[in-house]
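> Chain by chain, the residues:
Number of protein chains: 2
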Amino acid sequence: MDERIFVVGSGAIGGLYGGKLAAIGLDVSFLCRSDYEVVKSEGLFIKSVWGDFRATPARVVKNAEELNFYPDYILVCLKVLPQIDVPSIIRPAVGDNTAICLIQNGIDIEPPVQKAFPSNEIISGLAFVCCHRTAPGQIEHLDYGRLVLGNYPKGTSKTTEKLADIFRHAGIPCTTTDDVVGARWQKLVWNAPFNPISVLAGGVTTDEMLSDTGMKSLIRAIMDEVCRLAEKDGHPLPSSVIDENISFTETMTPYKTSMLLDFESKRPMEVEAILGNAVRKGKELGVAIPHIETLYRLLKMVDMKNRENGR
Amino acid sequence: MDERIFVVGSGAIGGLYGGKLAAIGLDVSFLCRSDYEVVKSEGLFIKSVWGDFRATPARVVKNAEELNFYPDYILVCLKVLPQIDVPSIIRPAVGDNTAICLIQNGIDIEPPVQKAFPSNEIISGLAFVCCHRTAPGQIEHLDYGRLVLGNYPKGTSKTTEKLADIFRHAGIPCTTTDDVVGARWQKLVWNAPFNPISVLAGGVTTDEMLSDTGMKSLIRAIMDEVCRLAEKDGHPLPSSVIDENISFTETMTPYKTSMLLDFESKRPMEVEAILGNAVRKGKELGVAIPHIETLYRLLKMVDMKNRENGR
Numbered sequence: 001m002d003e004r005i006f007v008v009g010s011g012a013i014g015g016l017y018g019g020k021l022a023a024i025g026l027d028v029s030f031l032c033r034s035d036y037e038v039v040k041s042e043g044l045f046i047k048s049v050w051g052d053f054r055a056t057p058a059r060v061v062k063n064a065e066e067l068n069f070y071p072d073y074i075l076v077c078l079k080v081l082p083q084i085d086v087p088s089i090i091r092p093a094v095g096d097n098t099a100i101c102l103i104q105n106g107i108d109i110e111p112p113v114q115k116a117f118p119s120n121e122i123i124s125g126l127a128f129v130c131c132h133r134t135a136p137g138q139i140e141h142l143d144y145g146r147l148v149l150g151n152y153p154k155g156t157s158k159t160t161e162k163l164a165d166i167f168r169h170a171g172i173p174c175t176t177t178d179d180v181v182g183a184r185w186q187k188l189v190w191n192a193p194f195n196p197i198s199v200l201a202g203g204v205t206t207d208e209m210l211s212d213t214g215m216k217s218l219i220r221a222i223m224d225e226v227c228r229l230a231e232k233d234g235h236p237l238p239s240s241v242i243d244e245n246i247s248f249t250e251t252m253t254p255y256k257t258s259m260l261l262d263f264e265s266k267r268p269m270e271v272e273a274i275l276g277n278a279v280r281k282g283k284e285l286g287v288a289i290p291h292i293e294t295l296y297r298l299l300k301m302v303d304m305k306n307r308e309n310g311r
Numbered sequence: 001m002d003e004r005i006f007v008v009g010s011g012a013i014g015g016l017y018g019g020k021l022a023a024i025g026l027d028v029s030f031l032c033r034s035d036y037e038v039v040k041s042e043g044l045f046i047k048s049v050w051g052d053f054r055a056t057p058a059r060v061v062k063n064a065e066e067l068n069f070y071p072d073y074i075l076v077c078l079k080v081l082p083q084i085d086v087p088s089i090i091r092p093a094v095g096d097n098t099a100i101c102l103i104q105n106g107i108d109i110e111p112p113v114q115k116a117f118p119s120n121e122i123i124s125g126l127a128f129v130c131c132h133r134t135a136p137g138q139i140e141h142l143d144y145g146r147l148v149l150g151n152y153p154k155g156t157s158k159t160t161e162k163l164a165d166i167f168r169h170a171g172i173p174c175t176t177t178d179d180v181v182g183a184r185w186q187k188l189v190w191n192a193p194f195n196p197i198s199v200l201a202g203g204v205t206t207d208e209m210l211s212d213t214g215m216k217s218l219i220r221a222i223m224d225e226v227c228r229l230a231e232k233d234g235h236p237l238p239s240s241v242i243d244e245n246i247s248f249t250e251t252m253t254p255y256k257t258s259m260l261l262d263f264e265s266k267r268p269m270e271v272e273a274i275l276g277n278a279v280r281k282g283k284e285l286g287v288a289i290p291h292i293e294t295l296y297r298l299l300k301m302v303d304m305k306n307r308e309n310g311r
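Each protein sequence line maps, in turn, to chains A and B.
With the working numbering, letter number 58 in the first sequence gets 58, and the count goes up by one each step, no holes.
With the working numbering, letter number 28 in the second sequence gets 28, and the count goes up by one each step, no holes.
None of these hints come from the bench; they were simulated from the model.
Be aware that a few hints might be false.
To be verified - Calculated cross-link-like contacts (lysine to aspartate or glutamate; reagent style DMTMM-like; alpha-carbon spacing at most 20 Å): (1) B:K283 to A:D224; (2) B:K305 to A:D207; (3) B:K256 to A:E308; (4) A:K154 to A:D179; (5) A:K256 to B:E308; (6) A:K305 to B:E264; (7) B:K305 to A:D224; (8) B:K305 to A:E110; (9) B:K305 to A:E264; (10) A:K283 to B:D224; (11) A:K305 to B:D212; (12) A:K283 to B:D212; (13) A:K281 to A:E110.
Stated by the list, open to error - Chain B is nowhere near these chain A residues, computed Cβ spacing over 12 Å in every case: (14) K40; (15) V80; (16) N120; (17) S240; (18) E250.
We put the CB at the ideal spot given by N, CA and C, even for glycine.
My request is simple: use the sequences and hints to build the entire structure.
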């Protein structure tokens with residue numbers, strides 16, 4: 001495996017997955033911003049349910065210009081925020097044969113990257129993982145960790161299968177799908193209710209949300225809206241998906257969502273990627289999603305106020 | 001005017017309206033709880049746009065038992081909260097000829113009182129006023145102040161007209177209506193969006209809510225749900241009501257809602273009176289009100305968390 005991999009972002013997702021690849025000796029370069037000094041001098045430390053490990057990247061750069069070669073894969077592991085312009089961040093590192101893999105949250109997040117790099121392969125990736133960055137270069141991985149990859153908008157290429165092999169080789173559970181857009185809808189079934197409500201209901205964990213009967217029925221109503229969106233978008237989800245998500249969450253260890261952690265630390269939340277894009281899809285497809293729309297309008301204002309009060 | 005009036009509650013509403021009646025020398029008794037000592041020894045002080053004034057109640061009691069006579073009117077000026085049982089608070093003061101007037105917020109708040117006192121006149125009252133209690137016995141009245149009275153469930157009796165005369169005599173703008181339930185729906189058009197959103201969107205004033213186009217359309221959608229409830233309930237509102245409420249609020253001085261003031265002081269919010277009863281009416285009438293339902297579930301949990309963190 002002599003592929004060269006460029007991981008953009010050394011937060012929870014980049015640090016865990018990129019670190020895992022680096023730890024088995026693959027050629028992994030990292031683009032870091034605020035954590036640059038620490039990661040360059042000390043590498044990464046990941047406290048993980050898979051076993052704690054350290055990783056030393058092959059290279060640590062502050063800008064994609066510094067890389068000086070075109071990697072085989074770019075793994076974009078940044079939060080999806082309006083102020084983060086992925087195409088301009090990665091452009092200097094995108095060669096003709098570079099595949100761009102977005103391991104990010106949300107729905108309908110690929111178009112800007114596809115538009116900027118129309119002849120490159122765009123791989124869309126979903127991480128089913130519970131992890132967070134505890135300090136510069138330090139990640140805590142608490143549970144789960146499975147990756148799902150697929151080409152955007154559909155299918156699975158050899159390049160994508162190869163990347164899945166690389167992840168599996170590093171010990172990361174990874175599957176591929178021909179319908180990654182459908183997989184994103186499926187993930188949104190969980191994210192659309194639990195992430196926003198955890199913040200809007202006053203800072204609550206998953207078990208607190210589900211202990212209230214009325215709140216549980218709101219959660220189901222939101223999930224149902226996601227299912228109706230997905231169906232109209234041509235990606236019908238299995239009818240069991242709502243029950244499964246509810247009962248799965250009931251068995252989980254009580255959990256603070258990533259959005260709630262962001263809110264509490266006065267960091268920007270992925271409001272647009274998770275809710276705004278769903279609302280826009282609803283308009284485009286003519287599907288009424290009043291519950292999600294309500295969450296979106298409230299959370300957008302909460303996010304704005306929260307950042308005014310923060311740094 | 002020798003009617004004897006018993007004001008239950010010396011918060012913003014009881015203090016302002018009861019105080020105004022006492023200030024012109026009418027026989028006004030007050031039931032106070034936490035403010036008992038102050039009101040008994042120092043009376044009430046109201047800083048008002050109508051002119052500041054002091055008022056000395058004829059009697060100040062801690063319990064309705066202490067009154068020792070049956071008043072002509074009981075003015076219930078308490079917040080509408082599940083933990084406040086109005087019938088048992090007022091019962092010792094309710095004689096055969098006592099009219100009970102509820103000057104309270106919310107929708108469908110009269111049935112418990114009507115059920116407890118089936119042969120008494122129930123007057124339902126709405127205060128269009130901007131005022132709050134600043135300290136025990138001290139009220140600040142910032143703007144507006146009109147009262148609307150009507151018999152519950154409909155009509156206007158001589159007793160009600162007499163009470164309206166008394167208020168007007170004291171300088172309080174007061175009109176009567178044959179359809180007070182409709183008037184409550186009309187007031188809910190404003191309360192249902194602005195009160196909950198002011199809290200849920202992160203502590204925002206009316207102007208902040210209306211400055212965001214998306215939030216403004218959410219507010220209109222919530223108002224539309226109230227109109228559909230009112231219509232199905234047999235009290236259709238004028239079609240201009242939404243536009244009027246929006247443009248009226250745009251011209252208001254930026255305003256913190258009473259719900260936001262309650263939230264910030266960790267006091268219970270009128271979640272059930274304003275939203276819960278609307279949601280239950282929606283179920284009963286078969287009207288889908290998903291935006292209001294979303295606000296209700298979120299706010300109920302916020303209220304619970306807020307009081308856990310408070311006293």
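> Run every hint past the structure and note whether it holds.
A quick look at each hint next to the structure:
1. B:K283 to A:D224: Roughly 19 Å between the alpha carbons, so the hint for K283 (chain B) and D224 (chain A) holds.
2. B:K305 to A:D207: Cα-Cα ~14 Å, so holds.
3. B:K256 to A:E308: Holds: K256 (chain B) and E308 (chain A) sit about 18 Å apart, inside 20 Å.
4. A:K154 to A:D179: Distance ~5 Å between K154 (chain A) and D179 (chain A) Cα, so the pair holds.
5. A:K256 to B:E308: At roughly 18 Å apart (the allowed maximum being 20 Å), E308 (chain B) and K256 (chain A) satisfy the hint.
6. A:K305 to B:E264: Roughly 15 Å separates the two Cα atoms, so the pair holds.
7. B:K305 to A:D224: violated (27 Å)
8. B:K305 to A:E110: Not OK: K305 (chain B) and E110 (chain A) at ~38 Å, beyond 20 Å, violated.
9. B:K305 to A:E264: With a Cα-Cα distance of about 15 Å, the restraint between K305 (chain B) and E264 (chain A) holds, given a limit of 20 Å.
10. A:K283 to B:D224: Judged against 20 Å, a Cα distance of about 19 Å means the pair holds.
11. A:K305 to B:D212: This hinted pair holds, its Cα atoms lying about 13 Å apart.
12. A:K283 to B:D212: holds (18 Å)
13. A:K281 to A:E110: holds (14 Å)
14. K40: The assertion about K40 (chain A) holds, with a minimum of 38 Å to chain B.
15. V80: Holds: least Cβ distance 19 Å, greater than 12 Å.
16. N120: Its Cβ never comes within 12 Å of chain B, the nearest being 34 Å, so this holds.
17. S240: Its Cβ never comes within 12 Å of chain B, the nearest being 23 Å, so this holds.
18. E250: holds (17 Å)
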